[in-house]
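Chemist: Residues per chain are reported as follows:
2 protein chains.
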Amino acid sequence: MIKCWLTCMKCAQTQPMGLVSRCACGGLLAVEYDLELAKRTLTKEALADRASSMWRYIELLPVQRENAVVSLGEGWTPLIRMTRAEAQLPLKRLYVKREEQNPTGSFKSRGFSSAVSLLHERGIAKAAVPSNGNAASALAAYCARAGMEAYVFVPQDCPELIIQECLNYGAHVYLVDGFIHDAGRIVEEGKATEGWFNTGTMREPGRVEGKKTMGLEMAEQLEWQLPDVIVYPTGGGSGIIGLWKAFRELKELGWVHGELPRLVSVQEAGCQPIVDAVQGFGAGGSSSDTLPTGLRVPEPPDCGIIAELLKQTKGTAVAVTQGEIMKAQQALGKQGISASPEGAATWAGLMRLIEEGWIGTDDSVVLFNTSHAIKYESLQPKPTVPVIRTYANFVHWKRN
Amino acid sequence: MIKCWLTCMKCAQTQPMGLVSRCACGGLLAVEYDLELAKRTLTKEALADRASSMWRYIELLPVQRENAVVSLGEGWTPLIRMTRAEAQLPLKRLYVKREEQNPTGSFKSRGFSSAVSLLHERGIAKAAVPSNGNAASALAAYCARAGMEAYVFVPQDCPELIIQECLNYGAHVYLVDGFIHDAGRIVEEGKATEGWFNTGTMREPGRVEGKKTMGLEMAEQLEWQLPDVIVYPTGGGSGIIGLWKAFRELKELGWVHGELPRLVSVQEAGCQPIVDAVQGFGAGGSSSDTLPTGLRVPEPPDCGIIAELLKQTKGTAVAVTQGEIMKAQQALGKQGISASPEGAATWAGLMRLIEEGWIGTDDSVVLFNTSHAIKYESLQPKPTVPVIRTYANFVHWKRN
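Chain order of the listed sequences is A and B. Reading the first sequence from the start, the letters are residues 1 to 400 in the UniProt record's numbering. Reading the second sequence from the start, the letters are residues 1 to 400 in the UniProt record's numbering.
Since the hints were derived computationally from the structure, they do not count as laboratory data. Treat the hints loosely; a few may be bogus.
Identical copies look the same in the list; a pair holds intra-copy or inter-copy alike.
[Unchecked claim] Taking lysine-lysine and the DSSO-like style, the derived pairs with C-alpha atoms no more than 27 Å apart in a straight line are: (1) K382 x K334; (2) K251 x K314; (3) K314 x K92; (4) K126 x K382; (5) K126 x K327; (6) K191 x K398; (7) K334 x K398; (8) K39 x K3; (9) K334 x K191; (10) K398 x K126; (11) K126 x K334; (12) K327 x K92; (13) K334 x K92; (14) K327 x K398.
Please work from the sequences and hints to get the whole structure.
Modeler: Now the structure itself:
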């Protein structure tokens with residue numbers, strides 16, 4: 001009974017499931033499932049009794065044995081409706097998917113729950129990742145849970161808190177004087193000697209599949225009515241592939257119908273290879289002045305595929321400025337949402353697309369808040385807060 | 001149709017539901033429900049289709065109108081089994097309830113979702129709270145969601161990150177040169193003039209009811225089989241009242257049977273009024289040398305009630321040292337759990353109680369991890385992490 005296999009997104013050749021990501025032709029490999037087999041146990045009714053985690057969709061995840069699953073309680077994050085914002089904005093419905101509520105405080109928990117499960121299933125004891133931060137802490141946490149060793153390599157301006165987080169999980173942490181792709185080179189170079197498995201973006205099939213569950217969940221939470229637009233913060237871009245795969249599989253299962261949501265990638269202006277690719281410019285011109293967040297991926301490994309998927313869904317890509325991101329973080333905060341710079345970028349992107357008329361009164365929109373604001377506190381200006389002893393001090397402060 | 005009312009925990013007098021917490025006799029008021037009425041709609045079967053949030057138990061929460069609920073996606077947090085630890089420890093089963101996965105990164109989301117809903121339902125537009133941090137950011141977030149104003153007062157050594165978090169939610173933040181009870185005096189004194197509602201510990205009935213859902217969820221997640229022991233980090237102690245209420249209501253509903261779990265409060269040695277009360281010492285001797293966490297409540301308003309409830313369940317209270325807490329944080333981290341000092345204290349308490357033979361091989365145990373490690377990063381020693389450029393640098397570092 002073969003549950004899943006790998007298919008090349010370029011030449012369509014198939015091969016057995018394994019920890020590889022590249023076809024002989026150089027194309028990216030994607031996991032495909034025997035959906036007829038999946039349907040036997042995965043029904044809408046069955047879901048009512050399933051775990052409140054991303055593993056509720058186990059038939060659509062690439063592990064072979066349920067007891068190999070390395071789980072910390074990831075997924076099934078809230079999708080909350082922004083009713084107050086809806087009243088003020090020219091759109092139909094607005095939701096935020098709260099990915100910061102994952103075990104490691106970011107959406108990266110999903111990809112690493114899946115990827116580490118695949119490694120664990122095969123008896124691999126050591127993993128490494130080049131990361132802007134949240135992938136590093138997710139690898140660290142899931143390796144800790146599985147009793148595996150984690151090596152993480154992050155740019156040296158990575159928020160201190162995330163470095164501390166990786167250390168708390170017992171990972172070996174190295175700061176890299178360079179970008180995420182420089183870290184990637186170190187991981188790749190050390191692979192043979194150190195014996196670690198490279199879990200970097202698009203290096204194995206598990207992470208995309210884990211991220212796919214964001215799309216599956218969103219669909220289930222919306223009672224299988226897909227939204228018109230999804231605004232997603234994009235660094236490496238595996239999340240876009242994951243969302244696209246989710247909707248394609250749900251269509252094949254017959255659970256969703258009609259057009260796919262228009263997928264929008266948001267990037268930070270100055271490091272916008274996907275925006276450039278969508279607009280037909282070559283990659284490049286990526287400045288090092290951008291924020292040290294998950295959006296800062298100057299050389300995403302599969303930029304072309306991402307751009308193509310965005311276009312296929314009639315979506316687009318938007319670059320927003322640091323100033324817009326900071327403003328958006330405040331705007332979401334004042335609605336009660338702890339938004340990381342990446343998550344806040346989706347709000348900034350939404351504002352831009354409304355302004356341009358690209359999102360209109362008929363559109364229902366889902367924003368993905370990928371991480372907590374607090375993880376990036378070190379990027380914010382230090383506030384001055386009054387110190388008082390008594391209520392009289394408070395009154396004095398308030399008056400002045 | 002009266003859904004709920006208030007009953008004095010001391011003199012048993014009842015009064016209509018309202019935003020009060022003290023009986024004329026000085027006793028603490030607790031919300032009581034018409035459980036026969038609740039049963040008409042709240043069934044185990046009905047729960048399968050309910051929201052994946054604490055509001056799935058709306059019949060057991062004190063709001064009158066569902067549209068008054070102020071929700072950010074709180075509750076229904078994972079309860080994960082610690083299988084690797086189970087293999088090493090002399091106990092039957094071990095679980096961690098991951099309260100850090102709440103919207104504001106702590107269990108305080110629950111109490112404030114409930115309390116702010118009650119305020120919102122009554123048209124109150126301004127709320128204040130004295131807090132060690134996590135209650136402050138929760139009030140700030142829920143007020144932001146409801147369009148209300150929040151004033152928060154925290155000790156001046158409150159972790160910087162939490163202060164920043166409150167500011168992100170648009171709250172008015174004041175640092176107090178003193179403890180949480182000093183902050184409490186300011187809030188109380190300003191109440192009449194400033195027009196804010198005091199949402200401090202045991203000042204209104206909503207927060208305890210929100211915390212109660214931790215117990216309801218835990219029971220549901222364990223398929224209505226209560227554990228033998230619950231280890232809970234205790235500051236003000238409203239969580240203990242909430243857990244106790246949860247089990248009592250579930251018993252009355254006929255959903256759980258047998259003995260209540262033995263409730264254990266964990267505190268930090270040096271600020272241990274509840275431990276002292278359980279052991280029959282007077283309160284006092286609370287040192288200011290303890291960590292600035294939620295455990296540091298030298299003068300809990302209802303210390304006697306907490307001690308009594310612990311004894312009633314055949315539970316106990318344990319004081320653990322700062323060193324034990326720090327070690328426990330590492331121990332949980334290495335199992336993939338981001339544990340705040342308070343949450344880590346439960347692991348330290350568990351170790352102590354196993355050592356003393358108070359917890360044994362027949363016991364199933366649940367620990368409550370109330371918040372994220374990352375919120376308290378400023379309390380940890382700054383790590384030294386190597387900076388490298390190449391794989392050769394890595395090899396060099398590793399060798400030396």
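Chemist: Any hints this thing doesn't respect? Which numbers, in order?
Modeler: none
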